[in-house]
Amino acid sequence: MAVSKIWVFAEATDGKVATITLEMLAKARELAGTVEAVYGGVDAEAIAAELGAHGATTVHATGDLAGALAGVPVGAAIAAAVDAGNGPDALFLGTTYDGRDVAGRLSVRLDAPVITNVVDLAERDGALVGVEPIFGGTQNVITKFTSDKMPIFLIRPKSFAAEESGGAPAAVASLVVPDLGSTAGATIVTRHVEEKSGPSLDDASIVVAGGRGMGDSDKYQLVEDLAKLLGAAPGASRAIVDAGWVPYSYQVGQTGKVVKPTVYVAAGISGATQHLVGMKGSKNIIAINKDPEAPIFSVADLGIVGDVHKVLPKLIETLKSR
Amino acid sequence: MTTWRRAVTDDADALTTNRIFIARSLPRSPGSIGGREAPGANFRTMNVVVCVKQIPDPADPGALDPTTKTLKRDGKLILDESDAYGVEMALQLVDTAGGGEVTLVSMAPNSEVSGLRTALAMGAAKAILVSDDALKGSDALSTAKVLAAAVKRVEGADLILAATESSDGYTGTVPEQIAEVLGLPSVTFAKGITVEGSTVKIDRQTEAGYDEVIAPLPAVVSVTAGVVEPRYPSFKGIMAAKSKPVDEVKVADLGIDASSVGWAGARQEIIEVAQAEAREAGEIVEDDGEGFARIVSFLEELKVI
Numbered sequence: 001m002a003v004s005k006i007w008v009f010a011e012a013t014d015g016k017v018a019t020i021t022l023e024m025l026a027k028a029r030e031l032a033g034t035v036e037a038v039y040g041g042v043d044a045e046a047i048a049a050e051l052g053a054h055g056a057t058t059v060h061a062t063g064d065l066a067g068a069l070a071g072v073p074v075g076a077a078i079a080a081a082v083d084a085g086n087g088p089d090a091l092f093l094g095t096t097y098d099g100r101d102v103a104g105r106l107s108v109r110l111d112a113p114v115i116t117n118v119v120d121l122a123e124r125d126g127a128l129v130g131v132e133p134i135f136g137g138t139q140n141v142i143t144k145f146t147s148d149k150m151p152i153f154l155i156r157p158k159s160f161a162a163e164e165s166g167g168a169p170a171a172v173a174s175l176v177v178p179d180l181g182s183t184a185g186a187t188i189v190t191r192h193v194e195e196k197s198g199p200s201l202d203d204a205s206i207v208v209a210g211g212r213g214m215g216d217s218d219k220y221q222l223v224e225d226l227a228k229l230l231g232a233a234p235g236a237s238r239a240i241v242d243a244g245w246v247p248y249s250y251q252v253g254q255t256g257k258v259v260k261p262t263v264y265v266a267a268g269i270s271g272a273t274q275h276l277v278g279m280k281g282s283k284n285i286i287a288i289n290k291d292p293e294a295p296i297f298s299v300a301d302l303g304i305v306g307d308v309h310k311v312l313p314k315l316i317e318t319l320k321s322r
Numbered sequence: 323m324t325t326w327r328r329a330v331t332d333d334a335d336a337l338t339t340n341r342i343f344i345a346r347s348l349p350r351s352p353g354s355i356g357g358r359e360a361p362g363a364n365f366r367t368m369n370v371v372v373c374v375k376q377i378p379d380p381a382d383p384g385a386l387d388p389t390t391k392t393l394k395r396d397g398k399l400i401l402d403e404s405d406a407y408g409v410e411m412a413l414q415l416v417d418t419a420g421g422g423e424v425t426l427v428s429m430a431p432n433s434e435v436s437g438l439r440t441a442l443a444m445g446a447a448k449a450i451l452v453s454d455d456a457l458k459g460s461d462a463l464s465t466a467k468v469l470a471a472a473v474k475r476v477e478g479a480d481l482i483l484a485a486t487e488s489s490d491g492y493t494g495t496v497p498e499q500i501a502e503v504l505g506l507p508s509v510t511f512a513k514g515i516t517v518e519g520s521t522v523k524i525d526r527q528t529e530a531g532y533d534e535v536i537a538p539l540p541a542v543v544s545v546t547a548g549v550v551e552p553r554y555p556s557f558k559g560i561m562a563a564k565s566k567p568v569d570e571v572k573v574a575d576l577g578i579d580a581s582s583v584g585w586a587g588a589r590q591e592i593i594e595v596a597q598a599e600a601r602e603a604g605e606i607v608e609d610d611g612e613g614f615a616r617i618v619s620f621l622e623e624l625k626v627i
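Going line by line, the protein sequences match chains A and B.
In terms of the numbering used here, the first sequence is residues 1 to 322.
In terms of the numbering used here, the second sequence is residues 323 to 627.
Quick caveat, the hints were computed from the structure, so don't treat them as lab data.
Please note: incorrect hints may appear among the correct ones.
[Unchecked claim] No more than 30 Å apart at the CA atoms, straight line, and that leaves these computed lysine-lysine pairs for DSBU-like:
id: 1; chain 1: A; residue 1: Lys158; chain 2: A; residue 2: Lys283
id: 2; chain 1: A; residue 1: Lys260; chain 2: A; residue 2: Lys158
id: 3; chain 1: A; residue 1: Lys260; chain 2: B; residue 2: Lys513
id: 4; chain 1: A; residue 1: Lys310; chain 2: A; residue 2: Lys219
id: 5; chain 1: B; residue 1: Lys572; chain 2: A; residue 2: Lys144
id: 6; chain 1: B; residue 1: Lys513; chain 2: A; residue 2: Lys158
id: 7; chain 1: A; residue 1: Lys144; chain 2: B; residue 2: Lys513
id: 8; chain 1: A; residue 1: Lys16; chain 2: B; residue 2: Lys458
[Said to hold, decoys possible] From chain B, some residues computed to sit far from chain A (all C-beta separations above 10 Å):
id: 9; residue: Asp569
id: 10; residue: Asp579
id: 11; residue: Gly584
[Stated by the list, open to error] Taking CB as the label site, the calculated pair distances span:
id: 12; chain 1: B; residue 1: Leu624; chain 2: A; residue 2: Gln139; range: 26 to 32 Å
id: 13; chain 1: B; residue 1: Tyr554; chain 2: A; residue 2: Thr19; range: 38 to 44 Å
id: 14; chain 1: B; residue 1: Ser520; chain 2: A; residue 2: Thr19; range: 38 to 44 Å
Positions of the beta carbon are idealized from the N, C-alpha and C atoms, including for glycine.
Work out the full structure, taking the sequences as your base and the hints as a guide.
Here it is in structure tokens:
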């Protein structure tokens, strides 16, 4: 074992542990003898069974954050534990909204560097190293820490498969949040849940995504229609999210979601590096684009060189009539 | 990343000229991160600092330096398009407040200013550029230490904006690290920002939708792309930008120990670069009107329909 104890930053919604957390627990079990979770919030008891079933023996929980964003209090609490000699040998956090915040705050408090965008971890000379894709995933760099600080890794979702270990519920331990001084004050007032029909980008076995080649925002409806017929989640390239056609939550790519569905349909997407990073792990890729030179065709299993405005309506009609 | 031209509007032109005029004629905000009193409820101006990155043009293929295994940055640099949103947001907040100014803070090699000029042409009033050979090889934490020190030089900053992540390094940790170095609250992934008195209200992107978050000023906020529509610099703006002040400083000017930044400060090292597994070449079909049928049969083969 490269290290003896790893902490995994756990996230959960309504008593259900986030998939990224379970993925990290599975990888941590491969690399360390002891795996524990660290959680910012009041309902640690509710998730202790699921965390335990995935290999965490203990969950270190802060208790009620009183609406505060997780970054400051959880970062400070982990730093205090590390400074007191009660920390782990390495910390894994997901590349998520809160995961990045906690990592950023913690790195300053510990004066410790962070290895980001990690898609794999390995042991080299008794230490953990991180693997990070660059240039649209055409190359990987392997990075090691050269300091004696606690290694902090920010890990991209869908890098590992979640796997149950059959462990007993995790014991809940208290993680004390120190005085936050002038850094405190960012507080959630109201949460808004956007109603979505159909599967989410994270879980869908089919994703249909549209890009700039759809022409204008009205035409994105074709993507929605096809997605509905296939029971798929609709997605988008950064270009059309930036242009305001669809919300940020639709975005697939380096910024945005990483997806690995059974089938990925890219309609009018050229395949910028930014996008390829988020979808090239899909099992089967179908691309429709006018430009035969578009980089998306380099990753497509089936590429249709043609106009999305001609291909999609016919495809939708055919599927409707089945 | 796709880059497309934005429409040049008379509106943007007028805003740009007005802002320069207003910024010079109004008193400064009493708010400060440099130890002065926090802004009161009735302050009249809004001073916003925007952290911007100048990056190699994403349209050009990137390359690694064979020795250091880091991204080559010795060519021409441009304003990271992700940062145009923060600059635009800052300009709009100053405009809404009725006074104040936008100051840019950036760190770049070789005294690079072309990206800064783009943001100045949009309407920012001035810039601080940290350019020093000692910064080569800096990681996100060192970058945050340097940018935070530069932000401290801006008198009366009420709000510090940054993009959620850069388009070349995309670590996504710098805004939060800057906030911690400065000892300020922060809100990341803002898709909407309003300022009311001494409080900033933010719509923060979440997995499920968004959260309404409040924080006391001064604060650090990172904005998502698409938060606002960045204006295209007008001709007048471009001309005006040429004479706007860019204060170039060295690491020593910021009171930072050179050994805590750059290669020495990074404390991480790339030990290997490997080709990733490539996908096998697929079947490419020219659409002759029947392309859709091949998709249908492919979906049937995969047993998903």
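Hint numbers not upheld by this structure, sorted from lowest to highest | Violated hints: 7 and 8; rest satisfied.
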